[in-house]
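Protein chains: 2
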Amino acid sequence: MKTENKRITDLFKIKYPIIQAGMVWVSGYKLAAAVSNAGGLGLIGAGSMYPDVLREHIQKCKKATSKPFGVNIPLFYPDLKEILEIILEENVKIVFTSAGNPKLYTKFLKDHGITVVHVVSSVKFALKSQEAGVDAIVAEGFEAGGHNGREETTTFTLIPMVSEKVAIPVIAAGGIANGKGMLAALILGAEGVQIGSRFVASVESSAHNNFKEEVVKTQDGDTHLTLKELTPVRLIKNEFYQRVQELYQQQAEKSELQELLGRGRAKKGMFEGDLENGELEIGQVAGLIDEIKPAAKIVQEIVAEYNDACSTLADRKI
Amino acid sequence: MKTENKRITDLFKIKYPIIQAGMVWVSGYKLAAAVSNAGGLGLIGAGSMYPDVLREHIQKCKKATSKPFGVNIPLFYPDLKEILEIILEENVKIVFTSAGNPKLYTKFLKDHGITVVHVVSSVKFALKSQEAGVDAIVAEGFEAGGHNGREETTTFTLIPMVSEKVAIPVIAAGGIANGKGMLAALILGAEGVQIGSRFVASVESSAHNNFKEEVVKTQDGDTHLTLKELTPVRLIKNEFYQRVQELYQQQAEKSELQELLGRGRAKKGMFEGDLENGELEIGQVAGLIDEIKPAAKIVQEIVAEYNDACSTLADRKI
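Heads up: the protein sequence lines correspond to chains A and B, in order. The first sequence begins at 4 in the numbering used here and counts up by one. The second sequence begins at 4 in the numbering used here and counts up by one.
The hints are simulated quantities; they were obtained by calculation from the structure and are not laboratory data. Keep in mind the model is a prediction, meaning the values are calculated, not measured. Some hints here could point you the wrong way.
Under the rule of at most 25 Å between Cα atoms (straight-line distance), these lysine-lysine pairs were calculated in the BS3-like manner [to be verified]:
no.	chain 1	residue 1	chain 2	residue 2
1	A	Lys-131	A	Lys-231
2	B	Lys-127	B	Lys-65
3	B	Lys-240	A	Lys-127
4	B	Lys-131	A	Lys-220
5	A	Lys-320	B	Lys-9
6	B	Lys-300	A	Lys-127
7	A	Lys-320	B	Lys-127
8	B	Lys-9	B	Lys-113
9	B	Lys-231	A	Lys-240
10	A	Lys-70	B	Lys-320
11	A	Lys-240	B	Lys-65
12	A	Lys-320	B	Lys-300
Based on the provided sequences and hints, a complete structural model is requested.
Below, the structure is given as C-alpha cells:
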C-alpha cells in the first residue's frame, strides 16, 4: 500500500481503514471490540446511552480488546459535559463527533490528546471541521441510515467534492457494505470507510434480532429520508413511518410530529424489536445485506473482496 | 480489457463504454456527433424536439459522424408514433427509452433490428426491462439531473443492487463526470456509464451559454429533487425553484403546480438562458464541473483519468 493511502490506518493505529459507525441502540462494546479485534476501528455509540451506561461500555470494551477503539458522540446529547468527563476519565483516545458544530469541542478534546473526527454532509462543514482542527472527517452521503444532512448530497458526489477541498483525510460513509463499495469510495477520493448498516446485521450488534432480520429483508426503495423539518432521518417504511407520512399529509405542526416521535421510538424499534411502532434507522445499502454474520467475518470479507477487486480491475484499462 | 467488460462497447460498436445522455434542450446532433466521433456513444435527445426537428437532427448527425449514435425517447412523448416512424425511416440503429413502460415498444423496436436500452431507477424496473427484451439498461441514481425515480435510490447503492439481479449489462448514470467516477461505477458492477451534466457544459451542447456558466458555478447543495407529486425532477435552486417551493408551503393543488410549470419552463431556462424564470435541470455532480470544454476533450480526459486510476489499483491492496 502506498504511503498516501495509509493516513487513516496510521492515525488510528489500525490494520484496515474500516471504521464501524457509532450507532444508537446498535453499537455497544461487544460490536466495537469485535470490529477492533478484527483489525478495523470499532466505535461505541454514546447517543443512546446514559452516562453511567457509557462508562460501563468503555470499561468493558477495554477488557474485550487491546486494540484501539473510539466513541461516537452526537453533540446534541443532553448530558454532553458529563459524557466528555467520562471520555477523559476513562482515557478514551479516539472521539467521533456528529450532529453539531465542530468548533465547540474539538480544541478541548485535542488539548487532552484525543484524536477527533467530525461527521459532515457538505463541503461547507468539511471546511469548517478542518478549520476547527479535527484530524479527519467522515463525509456521509444521503443514502446513509439514521440522521442525515439537509443537502441530500449522495456519497458518489459528496466524496470527490469534499476530497478535493480539504487536506485532512476523508472517511466515506453512506452506501458502503462490502469490499467493492470500499474500493469505489477510495477511488472517489476517500482514504477510509465508515460502515454502519452492514454491522447492524452482525451477531455482536445490540440491535434486537427482529430488527436485524428486517434489515436482511430490506430491498431497494424500502427506506426513505423523512422528518426533514425536525432532523432528517432515513427509516424503513414501516407502520410508524406511515403514521409520520399521514401527519405530513394532514399538514401537522412540528409539535405534533415531535409528539408522535416521543422519546422512545428508536429504542422501541431497534432495541426492543417492535417493527410496527418503532423507528427503524437503516441505510439504502440494506438492500445488499442478506445475512446476519459475526463482525469479524464481515471485516474479513470486506478486505478479501476489496483486495480481489484491486487485482481484477487492473485489467480494465480501455 | 477482459472479455466480460466488453459487452457495452461490442453492443454499440464503440471504442469507450461512455454514453452521452440524451437531454432535453441540450443534446442535438452537434453534441451527439462530437461524442460519437470521440469514441463514445452520442445520443440525440428527442424529448424537446418536434418530429420534423428530430428528423433534421438525425440527418445532420449522420453527415457529422460515420460512427454509431442513438436517440433517446421519453415514452410520454405526445407524438410518440410519429417519432417511432422517423426512427425507422431514418434507419436509427440505437434507441434509449425512458420514463415509461419498457414493455410498450421494446419488441416493436427490436423487430426492426434496433438496439434498445431502457432507463430505470429501481431493481423492479430493471427486471421488467430485462423481461421486455432490452439489450441493456441504464440504472440512474437519485443524484442525476432532470427527471428521476421516486425511490430516491442513489448510484452508489442502485448499481450493485441492480447488477446482481440482472444478466444484461448495466450502464450507470447519476453522479459521474470524470474518469474516477467511471471507474467507481464499474467497480460497483456497471459495464458502462451514461454521463449527462458534464456534457451540458460542453462547447457543442445546445444549452444556452448562461446555463452552461451556471452549471460551472453550481456547488454541492445547490440542486434539489422537487415536484415529486408530478414527475420528480432535480433542479438548480433558482428563483423559479423557490416559487415552486412557495406553492408547496401554501399547500397548492397539483393543478397550480402544473400551471406554474406551464409548458415552456425547461426551454426558457436551459435553451433561452433565463436563469431566473426557467427550469434548470442538472445533477449534483455539477459541483465537480468547473469549465466549459469541447466534448471530445471531455471524453479524452475521462478515458485518461480512468486509465490512470486503474494503474493505481495494484498498489491499493491492504
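Here is what the structure says about each hint:
no.	hint	result
1	Lys-131(A) <-> Lys-231(A)	holds, 23 Å
2	Lys-127(B) <-> Lys-65(B)	violated, 36 Å
3	Lys-240(B) <-> Lys-127(A)	holds, 17 Å
4	Lys-131(B) <-> Lys-220(A)	holds, 21 Å
5	Lys-320(A) <-> Lys-9(B)	holds, 11 Å
6	Lys-300(B) <-> Lys-127(A)	violated, 30 Å
7	Lys-320(A) <-> Lys-127(B)	violated, 32 Å
8	Lys-9(B) <-> Lys-113(B)	holds, 21 Å
9	Lys-231(B) <-> Lys-240(A)	holds, 17 Å
10	Lys-70(A) <-> Lys-320(B)	holds, 22 Å
11	Lys-240(A) <-> Lys-65(B)	violated, 49 Å
12	Lys-320(A) <-> Lys-300(B)	holds, 18 Å
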